[in-house]
Amino acid sequence: MPQAGLPARRAAVFLLDQVLGEGRLLSEAIGGGALERLDPADRATAQRLATETLRGLERLDRILQKHLQKYPPITVRNALRIGAYELCMGGAAHGIVNSFVEIVARNKRHASMKGLVNAVLRKVAANGAEVYPTLRTPRLPKWLRGPLVEAYSPDIVAAMEEAHFAGAALDMTAKSDQGALQRAMEGALLPTGSVRVTEAGQVSALPGFKKGTWWVQDAAAAIPVKVLAPQAGEAVLELCAAPGGKTMQIAASGAKVRAVDTSESRMARVAENLKRTKLDAELVVGDALEEEGSWDAILLDAPCSATGTIRRHPDLPHAKDGSDFFDLFNIQAQMLDHAVHLLKPGGRLVYCTCSLLPDEGEAQIDDLLGRHDGLRVDASALDIEGVDPAWRTEEGGLRLRPDFWADHGGMDGFYIVCIRKD
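Numbering-wise (the working numbering), the sequence shown opens with residue 1 and increments by one.
Any given hint could turn out to be false.
[As the list claims (entries may be wrong)] The calculated lysine-lysine pairs, modelled on DSS-like cross-linking and capped at a C-alpha distance of 30 angstroms, are:
1. LYS175 <-> LYS256
2. LYS275 <-> LYS256
3. LYS421 <-> LYS344
4. LYS226 <-> LYS175
5. LYS211 <-> LYS256
6. LYS226 <-> LYS421
7. LYS211 <-> LYS278
8. LYS278 <-> LYS226
9. LYS320 <-> LYS142
10. LYS211 <-> LYS275
11. LYS70 <-> LYS108
12. LYS344 <-> LYS226
13. LYS175 <-> LYS210
14. LYS278 <-> LYS256
15. LYS123 <-> LYS66
16. LYS142 <-> LYS66
17. LYS278 <-> LYS175
18. LYS66 <-> LYS108
19. LYS210 <-> LYS275
20. LYS211 <-> LYS175
21. LYS226 <-> LYS211
22. LYS226 <-> LYS256
23. LYS344 <-> LYS256
24. LYS226 <-> LYS210
25. LYS421 <-> LYS256
26. LYS70 <-> LYS114
27. LYS226 <-> LYS275
28. LYS66 <-> LYS320
Note that these hints are calculated values from the structure, not bench results.
Can you build the whole structure from these sequences, using the hints too?
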């Protein structure tokens with residue numbers, strides 16, 4: 001692992017301040033320009049340091065706690081956390097300690113604590129690398145762990161936490177030939193057809209990226225379109241389309257897709273990816289609830305808690321506290337009601353969320369069927385390659401969890417269901 005430089009470390013401390021001090025997601029902080037002054041290598045390093053420190057936060061805090069009589073201010077504490085992470089990963093103590101002492105010394109409010117930083121990190125350097133792997137797998141915060149234990153079980157949640165801590169490899173969806181992609185990447189072909197690569201490095205430098213023969217997409221996120229099974233010539237509406245992996249899947253099927261999302265910046269990325277992959281879709285920046293028309297098929301990837309993506313985004317449980325979830329549940333219900341209104345008779349709707357919470361999945365469909373006549377769950381749509389029958393739920397959907405495919409490296413958590421309109 002290359003040694004981080006001072007600019008990257010300083011930026012990583014700032015990112016942690018944003019997440020743990022301001023309750024912002026890493027994506028929000030980075031999108032707001034937190035790393036724009038760094039060169040690409042430092043930018044990647046800062047993001048890696050922040051992400052991996054958050055992933056191992058509980059372990060790092062346990063190690064630091066032994067050397068602190070009381071917690072220092074958040075910025076100093078975050079400098080200690082990142083420094084401890086690097087030391088626990090076997091980094092060279094001299095450079096790491098000096099860097100974080102300098103970072104704190106340059107901060108006018110906290111300069112007096114540079115001696116503390118020096119002393120604590122030197123103590124961590126003595127045995128942190130040996131202690132770190134012996135500590136328990138970091139647990140989710142109580143606000144999220146409690147509801148998940150209630151929905152599943154302590155053992156299942158513990159297995160999810162193992163998957164979160166292990167992180168995620170790079171998954172890809174091939175435009176047409178997954179076998180050729182697997183051979184080109186020397187990766188693993190997953191049961192559902194996605195290709196998984198570990199130690200991928202810079203994505204844009206990988207074979208076939210510039211030619212547009214594939215795109216990045218977690219294997220679980222590729223399943224909803226397989227369930228939708230769009231056909232050439234069908235009129236398909238995709239609601240909440242960004243970041244666009246599903247848009248490209250639908251377009252590659254030959255269906256005519258109208259993709260809608262409220263985010264202009266994220267839809268610009270979708271447009272770039274469509275151009276790169278030479279695929280066509282009608283892109284609309286707008287409100288899904290204002291869409292009209294009559295559609296053969298609709299994909300609703302509803303706004304959600306994103307709790308299924310923690311293996312990729314370990315900042316989420318630390319930046320959020322669940323206080324906005326009830327509003328999300330209401331928005332999902334409104335979008336479902338609107339989507340079934342737009343379906344042609346005989347049409348199908350695939351509803352999905354990258355959430356682990358039943359309130360955003362199974363419960364939403366139970367409530368939807370209670371509000372509307374003439375709808376039914378099409379469980380046969382789940383009969384696709386690589387989908388384990390054990391993933392099916394009582395109401396006829398799919399419940400995907402991070403601990404599934406443990407021998408392959410896990411998957412994102414998702415809920416997926418297909419609804420037919422009579």
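Each hint tested on the structure:
For the suggested pair LYS175 and LYS256, the alpha carbons sit about 16 angstroms apart, so the restraint of at most 30 angstroms is met. This hinted pair checks out: LYS275 and LYS256 have alpha carbons roughly 16 angstroms apart, not beyond 30 angstroms. For the hint linking LYS421 to LYS344, the alpha-carbon distance of about 7 angstroms falls within 30 angstroms, and the restraint holds. For a cut-off of 30 angstroms, the pair hint linking LYS226 to LYS175 stands: about 13 angstroms separates their Cα positions.
Under the criterion of a C-alpha separation no larger than 30 angstroms, the hint pairing LYS211 with LYS256 is consistent with the structure, at around 22 angstroms. Taking the CA atoms of LYS226 and LYS421, the gap is near 19 angstroms; set against the 30 angstroms cutoff, the hint holds. For the hint pairing LYS211 with LYS278, the CA-to-CA distance comes to about 9 angstroms; that is within 30 angstroms, so the pair holds. With a CA separation close to 20 angstroms, the supplied pair LYS278 and LYS226 stays within the 30 angstroms bound.
Under the criterion of a C-alpha separation no larger than 30 angstroms, the hint pairing LYS320 with LYS142 is consistent with the structure, at around 12 angstroms. Of the supplied pair hints, the one linking LYS211 and LYS275 holds, its CA atoms being roughly 10 angstroms apart against a limit of 30 angstroms. Proposed proximity of LYS70 and LYS108 is supported: the alpha carbons are some 21 angstroms apart, at most 30 angstroms. A hinted pair counts as satisfied when its Cα atoms are at most 30 angstroms apart, and LYS344 with LYS226 qualifies at roughly 20 angstroms.
With a CA separation close to 13 angstroms, the supplied pair LYS175 and LYS210 stays within the 30 angstroms bound. As the CA atoms of LYS278 and LYS256 are separated by approximately 14 angstroms, the hinted pair is consistent with the 30 angstroms bound. Of the pairs offered as hints, the one joining LYS123 and LYS66 holds, with about 10 angstroms between alpha carbons and a cut-off of 30 angstroms not exceeded. Straight-line distance between C-alpha atoms of LYS142 and LYS66 comes to about 23 angstroms, which keeps the hinted pair within the 30 angstroms bound.
As the CA atoms of LYS278 and LYS175 are separated by approximately 10 angstroms, the hinted pair is consistent with the 30 angstroms bound. Simply put, LYS66 and LYS108 have alpha-carbon atoms about 27 angstroms apart, close enough for the 30 angstroms limit, and the pair holds. For the hint pairing LYS210 with LYS275, the CA-to-CA distance comes to about 10 angstroms; that is within 30 angstroms, so the pair holds. Distance check on the hinted pair: LYS211 and LYS175 sit about 11 angstroms apart at the alpha-carbon level, within 30 angstroms; holds.
As the CA atoms of LYS226 and LYS211 are separated by approximately 24 angstroms, the hinted pair is consistent with the 30 angstroms bound. Only pairs whose Cα atoms come within 30 angstroms are accepted, and LYS226 paired with LYS256 is accepted, the gap being roughly 16 angstroms. This hinted pair checks out: LYS344 and LYS256 have alpha carbons roughly 15 angstroms apart, not beyond 30 angstroms. A C-alpha spacing of about 25 angstroms is found between LYS226 and LYS210, which places the hinted pair at or below 30 angstroms, so the restraint holds.
Between the alpha carbons of LYS421 and LYS256 the distance comes to roughly 20 angstroms, so the proposed pair stays at or under 30 angstroms and holds. Pair hint LYS70 plus LYS114 holds up; C-alpha atoms about 15 angstroms apart against a cutoff of 30 angstroms. A hinted pair counts as satisfied when its Cα atoms are at most 30 angstroms apart, and LYS226 with LYS275 qualifies at roughly 22 angstroms. A distance of roughly 27 angstroms separates the Cα atoms of LYS66 and LYS320; the hinted pair therefore holds under the 30 angstroms criterion.
In this structure, none of the earlier numbered hints is contradicted; all agree with it.
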